[in-house]
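Engineer: 1458 is the number that the working numbering gives to position 60 of the sequence shown; each next residue is one higher, with no gaps.
Careful, some of the hints might be misleading.
[What the hints assert, rightly or not] Straight-line distance between alpha carbons at most 30 angstroms, and here's what the computed DSS-like set of lysine-lysine pairs gives:
1) Lys1528 / Lys1442
2) Lys1487 / Lys1590
3) Lys1583 / Lys1549
4) Lys1461 / Lys1505
5) Lys1469 / Lys1412
6) Lys1412 / Lys1481
7) Lys1469 / Lys1505
8) Lys1414 / Lys1487
9) Lys1461 / Lys1528
10) Lys1442 / Lys1469
11) Lys1487 / Lys1592
Because the hints were derived from the structure by calculation, they are not lab data. All values derive from a computational prediction rather than experimental measurement.
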Amino acid sequence: MLFNMEIDMPPKVKFKREQIISAATELVRAAGMPALTARALSYKLTCSVAPIFSEFENMEELKGEVIRFAKSLYDGYIAEGLKQPLPFKGAGLKYIEFARNEPNLFKLLFMSEFAVGLDGYMLLDENNGKIVGALRTSWGLDEDTAKSLHKDIMIYTHGIAVLCATDSCCFTDEEISERLTFAFKAMLKSFKEKDND
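Throw the hints in and build the complete structure from the sequences for me.
Structural biologist: Written out as structure tokens, the structure is:
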């Protein structure tokens, strides 16, 4: 008996590229980049892997899109911090807040094989120019001093952020704010004393 293939075949599931990126990002936000596999994503989308690979050449391309999303979200946090009355401190607090609110995206950007390390971050993150600019404006520092101070305080800030991202931080928001202020003042004093030698 003949039958019509077009009638009997189930319809192909179609997903927009943005839907796939969104679902992939949800997986990474929940369980980190290792959770993003073609099988896990197809299960989340309730489809075969075919729609994924009709939009993306491979999983590496899709992972790149997730990293771009994470970076964009992070940039939003830093932009918000730079609007604070003390922009340099605001950026640091928002860096820590991003780690606390988005631990797996923070780990992806700053604690994984996809991360560029602190030196790479200082060179590649376009937010750093704005942060250094805020530091120079607020404290009247020259470019080299502002960059050095930013790098030193960033090491301290990154340590607190890592504690938050790994759910090991026992500090309140107020304590974090106080610690950043204390560290900044101590480092600023050290730099000024060095300049006067």
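Engineer: All hints are to be evaluated individually against the structure, with a verdict given for each.
Structural biologist: Evaluation of the provided hints:
no. : hint              : in the structure
1   : Lys1528 / Lys1442 : 39 angstroms, violated
2   : Lys1487 / Lys1590 : 19 angstroms, holds
3   : Lys1583 / Lys1549 : 14 angstroms, holds
4   : Lys1461 / Lys1505 : 14 angstroms, holds
5   : Lys1469 / Lys1412 : 27 angstroms, holds
6   : Lys1412 / Lys1481 : 41 angstroms, violated
7   : Lys1469 / Lys1505 : 12 angstroms, holds
8   : Lys1414 / Lys1487 : 40 angstroms, violated
9   : Lys1461 / Lys1528 : 28 angstroms, holds
10  : Lys1442 / Lys1469 : 23 angstroms, holds
11  : Lys1487 / Lys1592 : 22 angstroms, holds
Hints 1, 6, 8 from the earlier list are contradicted by this structure; the remaining hints agree with it.
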